[in-house]
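Protein chains: 2
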Amino acid sequence: MVPAIRIPASAASRARNLLRTVQYTHPPSCPCHSNPSHHHHHRSPTLADHVRRHMATPTDPSREKEYAFEMAASSIRFGPGATKEVGMDFANMKAKRVCIVTDSNVSKLDAMKQAVEGLTREGIEFTVFDKVRIEPKDSSIKEAIAFAKPYNPDAFLAVGGGSVIDTAKLMNLYTVFPEADFLDFVNAPIGKGLPVTKALRPLVAVPTTAGTGSETTGTAIFDLVSKGAKTGIAHRNLKPTLGICDPINTRTMPSAVHASSGLDVLCHSLESWTAIPYNERTPRPTNPINRPAYQGANPISDIFSLQALRDTVKYLPRAVKDPDDFEAQSKMLLAATLAGVGFGNAGVHLCHGMSYPISSQNPGYKHAGYDVDHPIIPHGVSVAVTAPAVFRFTAASNPDRHLAAAEAFGVDISTVKRESAGEVLGEALARFLSDLGDQPLGLKNLGFKSGDIESLVEGTLPQRRVLMLAPNLNSELEAEKDELRGLLQESLVY
Amino acid sequence: MVPAIRIPASAASRARNLLRTVQYTHPPSCPCHSNPSHHHHHRSPTLADHVRRHMATPTDPSREKEYAFEMAASSIRFGPGATKEVGMDFANMKAKRVCIVTDSNVSKLDAMKQAVEGLTREGIEFTVFDKVRIEPKDSSIKEAIAFAKPYNPDAFLAVGGGSVIDTAKLMNLYTVFPEADFLDFVNAPIGKGLPVTKALRPLVAVPTTAGTGSETTGTAIFDLVSKGAKTGIAHRNLKPTLGICDPINTRTMPSAVHASSGLDVLCHSLESWTAIPYNERTPRPTNPINRPAYQGANPISDIFSLQALRDTVKYLPRAVKDPDDFEAQSKMLLAATLAGVGFGNAGVHLCHGMSYPISSQNPGYKHAGYDVDHPIIPHGVSVAVTAPAVFRFTAASNPDRHLAAAEAFGVDISTVKRESAGEVLGEALARFLSDLGDQPLGLKNLGFKSGDIESLVEGTLPQRRVLMLAPNLNSELEAEKDELRGLLQESLVY
Numbered sequence: 001m002v003p004a005i006r007i008p009a010s011a012a013s014r015a016r017n018l019l020r021t022v023q024y025t026h027p028p029s030c031p032c033h034s035n036p037s038h039h040h041h042h043r044s045p046t047l048a049d050h051v052r053r054h055m056a057t058p059t060d061p062s063r064e065k066e067y068a069f070e071m072a073a074s075s076i077r078f079g080p081g082a083t084k085e086v087g088m089d090f091a092n093m094k095a096k097r098v099c100i101v102t103d104s105n106v107s108k109l110d111a112m113k114q115a116v117e118g119l120t121r122e123g124i125e126f127t128v129f130d131k132v133r134i135e136p137k138d139s140s141i142k143e144a145i146a147f148a149k150p151y152n153p154d155a156f157l158a159v160g161g162g163s164v165i166d167t168a169k170l171m172n173l174y175t176v177f178p179e180a181d182f183l184d185f186v187n188a189p190i191g192k193g194l195p196v197t198k199a200l201r202p203l204v205a206v207p208t209t210a211g212t213g214s215e216t217t218g219t220a221i222f223d224l225v226s227k228g229a230k231t232g233i234a235h236r237n238l239k240p241t242l243g244i245c246d247p248i249n250t251r252t253m254p255s256a257v258h259a260s261s262g263l264d265v266l267c268h269s270l271e272s273w274t275a276i277p278y279n280e281r282t283p284r285p286t287n288p289i290n291r292p293a294y295q296g297a298n299p300i301s302d303i304f305s306l307q308a309l310r311d312t313v314k315y316l317p318r319a320v321k322d323p324d325d326f327e328a329q330s331k332m333l334l335a336a337t338l339a340g341v342g343f344g345n346a347g348v349h350l351c352h353g354m355s356y357p358i359s360s361q362n363p364g365y366k367h368a369g370y371d372v373d374h375p376i377i378p379h380g381v382s383v384a385v386t387a388p389a390v391f392r393f394t395a396a397s398n399p400d401r402h403l404a405a406a407e408a409f410g411v412d413i414s415t416v417k418r419e420s421a422g423e424v425l426g427e428a429l430a431r432f433l434s435d436l437g438d439q440p441l442g443l444k445n446l447g448f449k450s451g452d453i454e455s456l457v458e459g460t461l462p463q464r465r466v467l468m469l470a471p472n473l474n475s476e477l478e479a480e481k482d483e484l485r486g487l488l489q490e491s492l493v494y
Numbered sequence: 001m002v003p004a005i006r007i008p009a010s011a012a013s014r015a016r017n018l019l020r021t022v023q024y025t026h027p028p029s030c031p032c033h034s035n036p037s038h039h040h041h042h043r044s045p046t047l048a049d050h051v052r053r054h055m056a057t058p059t060d061p062s063r064e065k066e067y068a069f070e071m072a073a074s075s076i077r078f079g080p081g082a083t084k085e086v087g088m089d090f091a092n093m094k095a096k097r098v099c100i101v102t103d104s105n106v107s108k109l110d111a112m113k114q115a116v117e118g119l120t121r122e123g124i125e126f127t128v129f130d131k132v133r134i135e136p137k138d139s140s141i142k143e144a145i146a147f148a149k150p151y152n153p154d155a156f157l158a159v160g161g162g163s164v165i166d167t168a169k170l171m172n173l174y175t176v177f178p179e180a181d182f183l184d185f186v187n188a189p190i191g192k193g194l195p196v197t198k199a200l201r202p203l204v205a206v207p208t209t210a211g212t213g214s215e216t217t218g219t220a221i222f223d224l225v226s227k228g229a230k231t232g233i234a235h236r237n238l239k240p241t242l243g244i245c246d247p248i249n250t251r252t253m254p255s256a257v258h259a260s261s262g263l264d265v266l267c268h269s270l271e272s273w274t275a276i277p278y279n280e281r282t283p284r285p286t287n288p289i290n291r292p293a294y295q296g297a298n299p300i301s302d303i304f305s306l307q308a309l310r311d312t313v314k315y316l317p318r319a320v321k322d323p324d325d326f327e328a329q330s331k332m333l334l335a336a337t338l339a340g341v342g343f344g345n346a347g348v349h350l351c352h353g354m355s356y357p358i359s360s361q362n363p364g365y366k367h368a369g370y371d372v373d374h375p376i377i378p379h380g381v382s383v384a385v386t387a388p389a390v391f392r393f394t395a396a397s398n399p400d401r402h403l404a405a406a407e408a409f410g411v412d413i414s415t416v417k418r419e420s421a422g423e424v425l426g427e428a429l430a431r432f433l434s435d436l437g438d439q440p441l442g443l444k445n446l447g448f449k450s451g452d453i454e455s456l457v458e459g460t461l462p463q464r465r466v467l468m469l470a471p472n473l474n475s476e477l478e479a480e481k482d483e484l485r486g487l488l489q490e491s492l493v494y
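As you go down the protein sequences, you meet chains A and B in turn.
Last residue of the first sequence? That's 494 in the UniProt record's numbering, and every number before it is there in order.
Last residue of the second sequence? That's 494 in the UniProt record's numbering, and every number before it is there in order.
Bound conformation, chain A alone:
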C-alpha cells in the first residue's frame, strides 16, 4: 500500500525499538551503514535491511541468539467413537497397503478391533506388527524396522501408547531412508542427529493412553543399549499426519496407568512452560531445517502448556479416583494432546533429563497396579519424582511463570513474594503428588540411596537436548554436576 518505511525519519527511536524487540545484540550504532558494499545503498536502507544485514553477517554465528520459532503439530481429531473413521481416512488418502503397529496388550483391545474392522470395511490391504516393546530398546526398534522394510507399506497406523507410536515413527523413517545407518538420525551427541530431508509416509496415530502426546510430536524415545543411554530421534517430519484421540480408547487404562500417564502430562506442561525462551537459545540455525523442535518456550507453545497444566491439575485426580468419570478421562486425553503440542514445540528439561537414568537404573521397584513380570518405574513416575526439587530450582529464572504455575494448582499467589515462587510451586507439587495417592514421595521410595546419586548424575549428563533448555542450569560442567547432584539429593525424600 505504501513504500517500505525509510530509516532517516525517526531512525534512532525506531531502531532502538526494533532492536529491543528482536533481542538483537549489536550496539544500535553499527558500522554496516557506512559500508560501501551495503547492497541496499542505492536507496536509504529500511529497518528490514538493517536487521537482515546483521542476521546475514553475524559477528560470531555460534553466539547469535535464535530470532524465530516454528510451530508444527499433527492434525488432531478428538471424539468418542472417532476410531471407527480410521479406515475411511486411509481410503481418503488412497492408501493401498497399510502397516498397523501395536503391542501384544493393545492388540486385544477394542481400539485395535475398530482399526482392523475399518481397514477391512474399506478393502484396504494391511498387516499387523504387534511386537512393540513397552519402553522400546534400539533392538526392538530395529526388529520393527526389519518388519516394515520388506512389506514397504504406503502408510502406517499406530494403535497404542507412546511406545507404539514412537516405534511406528521410526518404522516409517527407516522405510523411507532404507540405506540410512540407524545412528544417522539419532540425537547428537549420541548419534549424528541428521535432519530428516524427505517427507515420510502418512502415519495415523490412535493413542490408547493419555500421557506421551506422541500423536502430535516428531519425537521418538528409546533405550540405546549399546551406549547405555535413553535417547531418541526428533524431527518435525516424524510427526503423525493425524492423531485420532478417542476417549473411549483410554477407558481401558487401569487407575495406576491413568495416574502415571497423567504425571507425564503434568511435567510436559510444566517443563515446556518453564523452558528457556526460544530467543535465548543459541546458536541460531543457518538453515530453517536445523531449527530444533525442542526450541524453548514460545508464545504459541505457552498457550498449550498452560492450558494442559490447568486441565491436568483439575481432572487427573478425578480420572485416577473414579473409573466411571468419563468426563475427566476425556479431558485428560485432550490435556495430553495439548501438552504434546506444547512440549513438542518447546521441549522439556530437567525432570525428563533425570527420568531416563532413574528408570533405567531402577534398583528393583515395581509400581503398584502395573501388571508386568519385571520391576518397573513408569515413565510418568520417574519424571514427576524430581519435579518438586526441579521447579524450586528453576523458579529464579522466571518467578512470574512459576507463580502462574502455582496458581494453576489453586495457590492464592496474590500475597506470595516473587522470591518465594519456587518454594510455593514445589510445595504445591509435593501436595498434588501425595494427594494423588500411590505415588513414591521421593527417590528413596523407589529404592535409590544417596550412593546412587553419582551414577544418576552421570546418566543425566548425556541428555544435552533437554538440558540445554533447562533454565538456571550452570553451563560449566562441574557446576552443572553439582546442581544435578543437589536436585537428586533433594528428591530423595519429601
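Note that these hints are calculated values from the structure, not bench results.
Hints may contain errors.
Stated by the list, open to error - Label-pair distances were calculated between CB atoms; the ranges are:
(1) Lys314/A to Ser104/B: 50 to 60 Å
(2) Pro283/A to Ser475/B: 33 to 43 Å
(3) Asp371/A to Ala180/B: 46 to 56 Å
(4) Leu477/B to Gly410/A: 31 to 41 Å
(5) Pro195/B to Asn445/A: 32 to 42 Å
(6) Asp412/B to Asp184/A: 36 to 46 Å
(7) Ala188/B to Arg63/A: 52 to 62 Å
(8) Glu125/B to Asp371/A: 53 to 63 Å
Since the model is a prediction, treat every value here as computed from it, not as a measurement.
Note that CB positions come from ideal geometry on N, CA and C, so glycine has one too.
Once you've looked at the hints, dock chain B against the given chain A.
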C-alpha cells in the same frame, strides 16, 4: 493392559455418564441391546460397542449431532527477518519450479525482494504473478489460475495479504485439479462444495498484513460476480504448508490498514469463540473428509480464539496509534495467526455473514487512509460495524462466554448478571471501536439507510456456511430474516 470394560457391572451409571459426555440424543435404555442382529452379542457389549452401534446406525442421520472435532493448522514460523529463510525452505522441499503470487503494491515491498533474493540464492527457477486483485472476484481468480496451469509449478509462494494468499490457494487447487469445473469446489449451495480429495502442492504464505490469518486456514474468499454473492472455497487441504510470519513485513501497513485488519482479527476471535459448539452441529458427517473446517467452537479453537481476543484488545490500539510500536505490531501479527487457527477450525458467523453484502453493496463510502481510486469499505470495517449488535443478540446462547469476552475488554464482570452479558459486551465493543478512532460508528456512517436493510438481509441469507454457526439464530426463514433485519437496524447508529 486390561480387557475392554464390560457393560453389566455398573452399566447404567457408566452408560449415563458416557452418553452425557458425548451429548448423545437417544434415551439411555435403548432397543439395540435386545436386537438379536447386534453383531457384538457373542460377548457382552462394551460401551464402545454401544456408542459405536448408534453412530453406525443412527435413527435419522440428518438429525444426528456431531461427536468429534478436527483441528488442522499450517506450520507457523514467526520471527523478525524469517522471510529471508524462504528460499532455503523451497530448497529443503526439493522444489524446482516455484510460482510466486503477489499484488502490484506488495511486489514493490521488501518482503517480495527477500522472497526473490531467497529463491535466486538457492538457484530455484520461479515466475511471478503480481496481478492479484484486492478483494478477489471469480474473474481475477480465474485469470490467476490460467496463469498457473501452463507454468505447472511444483510449489507456490504467496507474499501479501489475505487476497494474495487466498488467490494462491486456488491457483494451487485448480493446478492439481486441471479438469475440475470452477464451481465444483465452491461452497454449497452456491457451488457444489465437493471435498478436495488430493493433497495439493506445497504453498508457503508470507503475510504482509495482520488480519485474515489466511496463512493458517484452508479458506479462500472471493466475489462470485455471476451469482452476485461473496463466497469461497474451504477445505483443510487448501491450507498452506507453512506460514512465515515476519513482523518486519507488517511495518509497511499504514495506520488505517492496521486498524481495519485488526478489527478482522477481533471478529475472527469473537465469532469463533461464540460460534455454536461443534457437538451441536448437524448433520454428523458419514465420512471424516466431509467434516467442515468451520465446525463450531471446540476446546482447541477456544484456546486460540480467546488468546487472540485478549491480545487484540491489548495491542491493536497501540499498533494503530504508534507506527513505531514494533512490539504491538508483532503481537498483532501473532494474534492474527492465532485467530486464524481459531476461526479456521471453528468458523465465524453473523458479523462475517453480514459483512459480505455490506462491502459489496457499498453506497459509495471511501475509508480514510486507503490509497485507492474507488469507494472501499475495508473488510475489517464491514465486519466490525455490526459487532455490538451481534454480540448483544448472541449472548443469550452462552452468557458465560460473552462475559469472558467482556472481561477481555477490561470489564469487571464480578458484579455483572448473566442476563446482562450481551449489553455489557456490546457496550465494551462500541467503546473499543470509538476509542480506536476513524471508525464508522454504524451503517449510517457508511452511507446506508433504513431502506437498504432489506437488500442487505437478502445478501446475507446465502451465507449458510457461516449462518449455520450463528448461536441463537432462528432456523425458520421468516424468523431468521426478522432477526437479521433487527441486527442491521440496530447497527445503523450507535
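Results for each hint:
1. Lys314/A to Ser104/B: 50 to 60 Å: Hint holds: Cβ distance 53 Å, inside 50 to 60 Å.
2. Pro283/A to Ser475/B: 33 to 43 Å: Cβ of Pro283/A to Cβ of Ser475/B: about 58 Å, so the range 33 to 43 Å is violated.
3. Asp371/A to Ala180/B: 46 to 56 Å: holds (55 Å)
4. Leu477/B to Gly410/A: 31 to 41 Å: violated (50 Å)
5. Pro195/B to Asn445/A: 32 to 42 Å: Between Pro195/B and Asn445/A, where Cβ atoms are some 55 Å apart, the hint is violated.
6. Asp412/B to Asp184/A: 36 to 46 Å: violated (58 Å)
7. Ala188/B to Arg63/A: 52 to 62 Å: At 56 Å between Cβs, range holds.
8. Glu125/B to Asp371/A: 53 to 63 Å: For Glu125/B and Asp371/A the Cβ distance comes to about 60 Å; the hint holds.
Violation of the numbered hints given earlier is confined to hints 2, 4, 5 and 6; the remaining hints are satisfied by the structure.
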